[in-house]
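*Asks:* Chains as they are written, first to last, in numbering that gives the first Met the number 0: chain A, 0 to 201; chain B, 0 to 201.
Everything labelled a hint here was simulated from the structure, so no lab data went into it. Keep in mind the model is a prediction, meaning the values are calculated, not measured. Just so you know, not all the hints are guaranteed correct.
Since copy identity is lost for identical chains, a pair holds within one copy or between any two.
[Said to hold, decoys possible] With a cut-off of at most 27 Å between alpha-carbon atoms, the simulated BS3-like pairs for lysine-lysine come out as follows: (1) 8 with 157; (2) 86 with 65; (3) 86 with 8; (4) 65 with 8.
2 protein chains.
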Amino acid sequence: MSTAYRGGKLTFWFELASTYSYLSAMRIDALADLAGVEVIWRPVPLGPIFGAQGWTTSPFNIYEAKGAYMWRDMERLCSARGLGFRKPDPFPQNSIRAARVALAALETPHGRDFVRALYLAQFTEGQDIAAPATIGTALTTAGLPADLASAADDPVYKEALKTASAESISMGLFGAPSFTVGNELFWGDDRLEDALNWALSA
Amino acid sequence: MSTAYRGGKLTFWFELASTYSYLSAMRIDALADLAGVEVIWRPVPLGPIFGAQGWTTSPFNIYEAKGAYMWRDMERLCSARGLGFRKPDPFPQNSIRAARVALAALETPHGRDFVRALYLAQFTEGQDIAAPATIGTALTTAGLPADLASAADDPVYKEALKTASAESISMGLFGAPSFTVGNELFWGDDRLEDALNWALSA
Chain A
0 MSTAYRGGKL TFWFELASTY SYLSAMRIDA LADLAGVEVI WRPVPLGPIF GAQGWTTSPF
60 NIYEAKGAYM WRDMERLCSA RGLGFRKPDP FPQNSIRAAR VALAALETPH GRDFVRALYL
120 AQFTEGQDIA APATIGTALT TAGLPADLAS AADDPVYKEA LKTASAESIS MGLFGAPSFT
180 VGNELFWGDD RLEDALNWAL SA
Chain B
0 MSTAYRGGKL TFWFELASTY SYLSAMRIDA LADLAGVEVI WRPVPLGPIF GAQGWTTSPF
60 NIYEAKGAYM WRDMERLCSA RGLGFRKPDP FPQNSIRAAR VALAALETPH GRDFVRALYL
120 AQFTEGQDIA APATIGTALT TAGLPADLAS AADDPVYKEA LKTASAESIS MGLFGAPSFT
180 VGNELFWGDD RLEDALNWAL SA
């Protein structure tokens, strides 16, 4: 990267099936560039985190009122930010294979474009990110070779995703998106600005 | 009230034992006055709402990581806003009697001062808002007669609080603070500005 960072480094933990992670993914790089903060993108599956809390699906499915609110909240926020939004079916999607491919993609300069392409396919077109076709198209959109999709079955990335999951839990993560600056944790798209400020002053 | 409202009316639903409700209570009137929006303050007990979700205590107690995060988040936010903060013991406090007194107090022009005094006693001094002494001092601080405390045992306010609870659930509330503008629901201190903007444009 040729960008000169004024200082500060922030880790962006996102779950590919998470609605609010979509919001942050679409704006974090622009805000971080303005602030001069370096951002590290890390996919993290929420399944194990939710499992540790005794949940077998998204809390938005378990708690009906909370779920109804979230869909309306996303509709309002996406509208205000000029982003498309559609509720995917099923929700949440199985994001494990896509997350492994994201790990591989993020080793290249085009990984973030791949992640954003997946979010747009899922949340504006209602596509299933577990489908090889969706992953393949997102790779192409990002200018990445289609055979990167093989990372979904690669033991190296299977292991790397488990490591990310364990690491996120040890840092106190309980949802996504989350942002960490050292040991300082910020949860939710609403805290992105606070996290960037923290990175700047840390 | 002599204030001229440019338009819009917002209902502020708060739980007296709720940390994030404290944050909103301390700033909502100043922001609403600036915006020219009329605010109606309504205490609402979260107990029945949480009970409907199968919880017997605050989710911050049930989900350890979420709870640990909340206390740190409150610490940071209060520090940034120049507010004191201390974790009350026990948490959450039993707010039912205080909420009935708040209903009575809010029929006077000093009700909001009473509510803010209760929040400050609880979250900056660690006092128990279920204690008659805490309620009595908050009444005096707000310039209200001490015998207003009898509302805690008054069937009229017992019934009014149950009605508020049922009404809030029927509107889709699942946590506090919440803000409603007509049927539009906003959840969390983070959405206060959005709710005010909605009230202005509604």
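*Asks:* Now look at each hint and say whether the structure bears it out.
*Replies:* Cross-check of the supplied hints:
1. For a Cα distance limit of 27 Å, the shortest separation of residue 8 from residue 157 inside one copy, 26 Å, qualifies, whereas the shortest one across copies, 52 Å, does not.
2. In this assembly of identical chains, residue 86 and residue 65 lie within 27 Å of each other by CA distance both inside one copy and across copies; the values are 15 Å within and 26 Å between.
3. When the C-alpha separation of residue 86 and residue 8 is checked against a cutoff of 27 Å, the pair qualifies neither within a copy, at 33 Å, nor between copies, at 30 Å.
4. Taking CA atoms no more than 27 Å apart as the test, residue 65 paired with residue 8 passes between copies only; the shortest distance there is 24 Å, against 33 Å inside one copy.
The structure fails to meet hint 3 from the earlier list, while all remaining hints are met.
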